Structure formats: structure tokens, C-alpha cells
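Just so you know, the protein sequences line up as chains X and F, in that order.
Under the working numbering, read the first sequence as residues 10 to 549, first letter to last.
Under the working numbering, read the second sequence as residues 54 to 322, first letter to last.
Careful, some of the hints might be misleading.
Unchecked claim - Facing chain X, according to a computed beta carbon distance under 7 Å, are these residues of chain F, among others:
1) 209
2) 219
3) 224
4) 251
5) 255
6) 279
7) 284
8) 293
9) 308
10) 309
Said to hold, decoys possible - Covered stretches of chain X (in silico footprint by chain F; criterion: 3 or more residues with CB under 8 Å from a CB of chain F, positions within the stretch not fixed):
11) 148 to 157
12) 409 to 416
If you're looking for bench data, these hints aren't it; they were derived computationally from the structure.
Here the structure is a predicted model, which is why all the values come from computation and not from measurement.
The beta carbon of each residue, even a glycine, is placed where N, CA and C say it ideally should be.
Residues per chain, in single letters:
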Amino acid sequence: MSTVTDTKKAPAGERVADWADGRLGIYTLAKANMRKIFPDHWSFMLGEICLYSFIIIILTGVYLTMFFHPSMNEVEYAGPYVPLQGQLMSEAFNSTMHISFEVRGGLLIRQIHHWAALIFLAGMFVHMMRVFFTGAFRKPREINWLFGFLLFFLGMFTGFTGYSLPDDLLSGTGVRFMQGAILSVPVIGTYLSMFLFGGEFPGGDFVARFYSAHVLLLPGIMLGLMVAHLILVFVHKHTHFEGPGRTNKNVVGMPLLPVYMAKAGGFFFLVFGVIAVIAAIASINPIWALGPYRPDQVSTGAQPDWYMGFAEGLIRVMPGWEINLWGHTLVLGVFIPLVIFPLVLGAIAVYPFIESWITGDKREHHIAQRPRNAPTRTAFGVAWITAYMIMLVGGGNDLWATHFHLSINSITWFVRIFFFAGPVIAFIITKRICLGLQRRDRDKVLHGRESGIIKRLPHGEFVEVHEPLSQGELYKLTAHEQYQPAELPPAVDENGVERKVGRMEKLRVKLNKGYYGEDNQIAKPTVEEYKEIQSGHGHH
Amino acid sequence: MKKLSARRRHPLAAVVVLLLALAATGGLYAAFAPAGTAKADETAQSLAIEEGKKLYSVGCASCHGTGGQGTTDGPSLVGVGSAAVDFQVGTGRMPAQQPGAQVPRKKVIYTQAEIDQLAAYVASLGAGPITPTEGQYSPDGADIAKGGELFRTNCAQCHNFTGEGGALTHGKYAPSLEGVSPKHLYEAMQTGPQNMPSFPDTTMPEKEKKDIIAYVQAVNSEKADNPGGLKLGGLGPVSEGLFAWIFGLGALIAVAIWVAAHTAKAKKS
Numbered sequence: 010m011s012t013v014t015d016t017k018k019a020p021a022g023e024r025v026a027d028w029a030d031g032r033l034g035i036y037t038l039a040k041a042n043m044r045k046i047f048p049d050h051w052s053f054m055l056g057e058i059c060l061y062s063f064i065i066i067i068l069t070g071v072y073l074t075m076f077f078h079p080s081m082n083e084v085e086y087a088g089p090y091v092p093l094q095g096q097l098m099s100e101a102f103n104s105t106m107h108i109s110f111e112v113r114g115g116l117l118i119r120q121i122h123h124w125a126a127l128i129f130l131a132g133m134f135v136h137m138m139r140v141f142f143t144g145a146f147r148k149p150r151e152i153n154w155l156f157g158f159l160l161f162f163l164g165m166f167t168g169f170t171g172y173s174l175p176d177d178l179l180s181g182t183g184v185r186f187m188q189g190a191i192l193s194v195p196v197i198g199t200y201l202s203m204f205l206f207g208g209e210f211p212g213g214d215f216v217a218r219f220y221s222a223h224v225l226l227l228p229g230i231m232l233g234l235m236v237a238h239l240i241l242v243f244v245h246k247h248t249h250f251e252g253p254g255r256t257n258k259n260v261v262g263m264p265l266l267p268v269y270m271a272k273a274g275g276f277f278f279l280v281f282g283v284i285a286v287i288a289a290i291a292s293i294n295p296i297w298a299l300g301p302y303r304p305d306q307v308s309t310g311a312q313p314d315w316y317m318g319f320a321e322g323l324i325r326v327m328p329g330w331e332i333n334l335w336g337h338t339l340v341l342g343v344f345i346p347l348v349i350f351p352l353v354l355g356a357i358a359v360y361p362f363i364e365s366w367i368t369g370d371k372r373e374h375h376i377a378q379r380p381r382n383a384p385t386r387t388a389f390g391v392a393w394i395t396a397y398m399i400m401l402v403g404g405g406n407d408l409w410a411t412h413f414h415l416s417i418n419s420i421t422w423f424v425r426i427f428f429f430a431g432p433v434i435a436f437i438i439t440k441r442i443c444l445g446l447q448r449r450d451r452d453k454v455l456h457g458r459e460s461g462i463i464k465r466l467p468h469g470e471f472v473e474v475h476e477p478l479s480q481g482e483l484y485k486l487t488a489h490e491q492y493q494p495a496e497l498p499p500a501v502d503e504n505g506v507e508r509k510v511g512r513m514e515k516l517r518v519k520l521n522k523g524y525y526g527e528d529n530q531i532a533k534p535t536v537e538e539y540k541e542i543q544s545g546h547g548h549h
Numbered sequence: 054m055k056k057l058s059a060r061r062r063h064p065l066a067a068v069v070v071l072l073l074a075l076a077a078t079g080g081l082y083a084a085f086a087p088a089g090t091a092k093a094d095e096t097a098q099s100l101a102i103e104e105g106k107k108l109y110s111v112g113c114a115s116c117h118g119t120g121g122q123g124t125t126d127g128p129s130l131v132g133v134g135s136a137a138v139d140f141q142v143g144t145g146r147m148p149a150q151q152p153g154a155q156v157p158r159k160k161v162i163y164t165q166a167e168i169d170q171l172a173a174y175v176a177s178l179g180a181g182p183i184t185p186t187e188g189q190y191s192p193d194g195a196d197i198a199k200g201g202e203l204f205r206t207n208c209a210q211c212h213n214f215t216g217e218g219g220a221l222t223h224g225k226y227a228p229s230l231e232g233v234s235p236k237h238l239y240e241a242m243q244t245g246p247q248n249m250p251s252f253p254d255t256t257m258p259e260k261e262k263k264d265i266i267a268y269v270q271a272v273n274s275e276k277a278d279n280p281g282g283l284k285l286g287g288l289g290p291v292s293e294g295l296f297a298w299i300f301g302l303g304a305l306i307a308v309a310i311w312v313a314a315h316t317a318k319a320k321k322s
């Protein structure tokens, strides 16, 4: 860029930029990325909520590490909180009490950290669902979908290890729960538990071990994944919804600089502000009220943070089956939930690959679909969420019982049945709703928008005046693709030789019909149909 | 001796042994049982019992029987003691509104004087835990921290960390302890109402009960301070999670929609 032959001295800013460019090549980078376009839609900002809350968690977490002692040495509490004075507790609990009551801003920072963690996970859940329902996981974004899923999954465990660090009675019960689940693993369970806790539960090690996992290992991996996730967003470019001028080959929106930099920067502070306000007014994990962990104590209402509530529910509603053989016990009541837990989460993770196998669609997609235009996928997603939410109900069954004056046993039975039946019902209903919405779109295209104006004709008939849609609206409602269902090849080929069709292929074709076959999508209005109706040949 | 052992297989031998055993236990009981009669102010006491009996016939007898012997609708009140009456009637649980999994706390309809009369009558049916005096239950000077430890060991399983209450099986529940007076807390521990186990002085001395009362007062009453802000019911992660979803993520999505709605517009030419 700059040349040595310049005699006139450039402005200071330019000289600094020149200096940096000579060493970092920022001009090329900026040229390529400054005008990067991002489409505008509120749902595309859900990922940003996650990113910013993650940054807030890191910032507040660093502050907390300055005062937290990850040690299980027993000390006597001598701080200002009267109802615990003289109680024996671990140094971890004691230092968390110190942070909460004596460190300047400590309690606020703790609460920001914890609230941000809950919101981070909730944000990831919603972001993931946005990507799922708009089909934004399709080629070329499957890998990035997996990165995102891994972030959610690791986020759960980072959250869990963090929740366990203060060594309070609630989290200690949670750790004991987890240890119980590990113990239920056949053959190696006891070894795993001994290895993790450095001996019998609770031992004197787990806080220090969870601490390094919580502040170093897990967030380190997450940070790496998050960077990779963002790089891939840049490489793939963002999807956008159908609309005039928007195609599979372009991105319509605003440039990164200056518009998105300003928006994203501002949004960061808005997110920080909202979380800080919540942390300032609402208490979270009040460890002083929970007391220090002691294995001989337990409280009712001992639940994990919401993102583990699903696992809690699985264990709570599972019948306490066990098999005793040759002096060994197989605790199915705990082990089956432990197996179902990753299976349910994994189902959503591998969905993109299953869908592309079923549809046989290997093309690139950069248009975000409207959920109604992919009824089977949308129905599957809603079914999955239903199963997840029903298990959350199971995880909080005691609070449902007390707050709605129900019997906890009935709730447990409800969850047992509807964990299986609920998704099926949700699937059917959602699919019907999607098809209904497709019909409505079709109706809108052909007959226009209902104007709400009732007109009385000379002969006495009442009709509602329909307003035709604008060209842009018409495009939006008809731009989606129409897929043809897959067919099995003819049983014999052209030479009369019997064709061999594998079982998997038969299954694929069957499933494909479930996506695109008759009654699984509503035909888009054709140009002829549109013209015929619009030409004024009357109503119907 | 020979005569006796020869008859040990007599058809009536078992009956004789049983009769002898009963006579022995009864005799021993009569000899060692504590004298249950009140000595002080005999006339006032009998007057209270008489008034209590009248109240009892109106408000309690339909379920507990005319003499407190119990019916299919209500348990016997013989031996429950005045403390149980003071708790059940004093917290409005009795008289019960309707049968169900558990009788809830509700508006108290008797005056304290009437409750005392009822208690005196029921206590006269058989000895049981006696209504505590203020010196017994007053939490003044008790060890709050010790009370907390005892609470987490003995009470939190059902009543939650700070006594917010919790669910039991088949629609039963451990009620919230918020706003329960020290006297009623003490009586509940003493008598074990409804599904609660009782903690008599032999298993939990009076001083420990006081410590627990002091703790409950310190963490779950109007006096209790919540350094973290709104306590969201004190129910832990479930209410926190709901709050994070509805007010946390809800607010952030509202903000996102607002930001997206205020986009830079291309100039119209």
C-alpha cells in the first residue's frame, strides 16, 4: 500500500494503519470482510445472544476465580452471615460465602455469572431450534450444526461443573446424583466413580477436579468451537429468507461495517445490561440458604439447573427396576435413563444427516425455509421439543404437585405415558397445522388477502372483498421448492432382469414419501390456476 | 412343678397363660404409670373441660366420635394431648373442611380461649403432649446456626432448605413454614401432625427445637433478609430456570426484535 517514495507525511491514523498492514496484512482482510453482508432478521440474532452471554460468563468468571478457593479442606465459618456462623464447611463453600458477602460486588458478579449461564444455555436451545426449523442446517452447514450442538452439550457440562463448585447442599446432592448414575454403568461403573472422585464419594478431590474442568478444559474447548462456528458462518455466509431479489446465490442485507459492527456492538451492551439488571433484582443459587454439603443431609426440591432438568426427569420417572445376578446388581432404574439421555440429545444432532439421506438432497441451500413448508421436519422438531419439555415436567414433578395441588404419583405416570405418546400427538398435530398453513398460503395467492370488507351484491348476496397481494408477497409465498417423492425403480430393468433393491433403499423411499408424498405437502398454485382465478371468472 | 408341666398341653393352658400375662402387664402399668391428674386449680380446670366438651360436641364429634374415640372419618383423640389440639385448631386445620389427602392450613375460627378449652377437654381423655409455654418455644437466645444444621438434617427432606414446603406422595405435602408461629412450630415437632413424624423431647431436646425455630424465623419470615434480591419462592433451580427463560431470554428476544426492527434503511431514490 504505502510506498517509500512518498514525500508528504501521511496523517497519523494512516501511518499506524500502514504499520499494522505491513505486519498483519489488515488491508486485505478488511477489504474482504468489511463489506461482508448480513441479512436482517431478529431470529438471526439469537446466536449473538449466546455469543455475548458467553463473553459475559468468561469476564465474570475470571473475576470469581480471583476469590474462589477450589479446596475441600474443612474450615469453620466465621463470616458475617449469622445463620451459618460456627458451621463446618469446605473451603470452597467458605470462599463462595466470602465472595457473596465480603468481596466488593462479589454477589452481583456471582449472580451475573449464574444468570448468564442459564440464559446462555436457553439462548443456545432457541438458536438451535431456529436453525432446525428453517432448515439452515442443510448442506453446507451440517458441520457447523454439529459444532453448535457440541457447544450446547458441553455447555450443559460446563454449567453442571460450575454449579457443583460451591459445594453447597443442593449441588452436592446433584453431584451425588451424577455419581449414582456413573455407578449404574455395568462392570466399569465403580471404577469410573473411584477414578473421578479419587476414592469413595465425596472424597476430598472433586471440587479441585471440577474446577479445572470448569475454568480450563471445557470453556477452552468451547471457545475453540465457538471460533470455528463463527469462522464457518463467515465462510458459508448467512442464510436468508425468501423474498424478491433473494436467491440461493446471494445474500441480501447490510454490510458488516459500519452497520453490523454498530448493531452488534450495541446489542452486546444491551445483552449485558439485561443480564445485569436481572442479576441485580433476582437472587440465584443462594448458597447461604442452602448450607454446606454434608452427605448425610438432603433437601426436597433438589433439582439441577434447567438444562439438566431433562436428565433429572428421566431418573425421577423411571421405575426403580433392578436385576440381581451372580451377586451383582444391574440398576436399570438409573442405567436406562443414563442411556436415554444421550440418545434423545443425539437424535437432534444427527437429524441433518438423516434428512439428507431420506430426501437425497445433496445440493447447497442458502435460503432459510419457512417451517410450514417442511411439515415433516417441523413436526419432528416439535415432537422432540415435546419429549424434552415433558421430561422437564418430570424433573420438577414435586413443584408441579405442590403448586397445582396434584398428586406427584399422577404426574409421574403422566410423564411416563406422555414421554412416548406426547411426541406422536405433537407430530400429527404439527403436521396438520403446517399443511393447513400451506393451504392458507395457497388460498392467499389465488384469492388475495381477506380485506374484512363485506359487500352486498344487487341480488342480495354478501361477499367479502379480497385484495390481491403485491408482487413481492406473491413471490414470498410461492418461492419455495416443490419436491417430488422418491420412487422405487421398476421391479425389472429394460432387459427384463429383476432389479435388486436393498432394504435400506426401500426404507428410504418409504420415509421420503412421508416427506414429499401425497398429503404431505400442498401443491403450490400454478400460473394457470392463478391466471384463471384472477381473470375475473367470478368467485369459485 | 410336676403337676404344672403335666398340664401344659391342656386345651385351656394358652388362655390361662394369656390371662396371667395380661394381669401382670396391667398390674405393672397401674403401679408404674405416671399420675395423669392435674392438681392445680381443680375447679377452673374442670370448668374448662366442661366448656371444651360442649365445643367438642358441636365442632369435632361428627368425625372424632362423641367421646373422642374416633370414627371411620377421624382418628381417636385419646392421648393426643393438648399440644396437638392447640396446633390443629390453632392453625385452622381443624375442624377439617373436607376429607382429602391432607387437611390444609386455613383461617382460624376459634378464639385462643376456646382452643384452650377444647385442648383441656381432649387432654382429659388421656395423657399426651402438653401445650408448651413461651419459655419452651421462644427462640430468643437460641443458636441459629445449630438450628440450621438440625433443620437440614431433620426437616429439609420434606420442608425444603428454608422451609418453603415440598411434595409428598399421593397429593400429600409438607407445608410451607412461612409465617408459622414459634408455638405452632414447636407443637408440630412435639406431636407430629398428619404425615409428619414426631420429635419428642427424648429424640430432640427442647433446646434443639428452639434452635430450629430460631433458624426458621431467621431464614423464612418477614424478618428474613434476602441479600441476593427476589428469592423467587426459594424453590431453587426450577423457578430460577423459569425466570431465566421468561424474563431473561424473553427480554433479550424482545430486545433483538427491537434492534432488528430499527435497521439502517436504504435511501429511497
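Original post:
With 7 Å as the cut and Cβ atoms as the points, is residue 209 (chain F) at the interface with chain X?
Top reply: At about 4 Å, which falls below the 7 Å cut-off, the nearest Cβ of chain X leaves the hint on residue 209 (chain F) intact, so it holds.
Subject >> Proposed interface contact between residue 224 (chain F) and chain X, which counts if any beta carbon pair is under 7 Å >> reply: holds, 4 Å
Subject >> chain X contact restraint for residue 251 (chain F) - C-beta distance below 7 Å >> reply: Result: violated, 19 Å to nearest chain X Cβ.
**OP:** Answer holds if the nearest beta-carbon of chain X is closer than 7 Å to that of residue 309 (chain F); otherwise answer violated.
**Re:** holds, 4 Å
Original post:
Any CB of chain X closer than 7 Å to the CB of residue 308 (chain F)?
Top reply: At about 5 Å, which falls below the 7 Å cut-off, the nearest Cβ of chain X leaves the hint on residue 308 (chain F) intact, so it holds.
Original post:
Counting residues of the region 409 to 416 of chain X that have a beta-carbon nearer than 8 Å to any beta-carbon of chain F, does the count reach 3?
Top reply: holds (count 5)
Subject >> Restraint satisfaction for residue 293 (chain F) [CB to CB of chain X, less than 7 Å] >> reply: holds, 5 Å
Subject >> Agreement of hint residue 284 (chain F) with chain X interface, Cβ distance less than 7 Å >> reply: holds, 5 Å
Subject >> Restraint check, 7 Å cut-off on beta carbons, for residue 255 (chain F) near chain X >> reply: Violated: closest Cβ of chain X sits about 21 Å from residue 255 (chain F), beyond 7 Å.
**OP:** Return the status of the interface hint for residue 219 (chain F): holds when the least beta-carbon distance to chain X is below 7 Å, violated otherwise.
**Re:** holds, 3 Å
Original post:
Can the hint on residue 279 (chain F) be confirmed by a CB-to-CB distance to chain X that is less than 7 Å?
Top reply: Holds: closest Cβ of chain X sits about 6 Å from residue 279 (chain F), inside 7 Å.
**OP:** Please count how many residues of the region 148 to 157 of chain X have a CB within 8 Å of a CB from chain F and say whether that reaches 3.
**Re:** With 0 residues closer than 8 Å to chain F, the region 148 to 157 of chain X misses the three-residue bar; violated.
In summary, the structure is inconsistent with hints 4, 5, 11 from the numbered list given earlier, while agreeing with the others.
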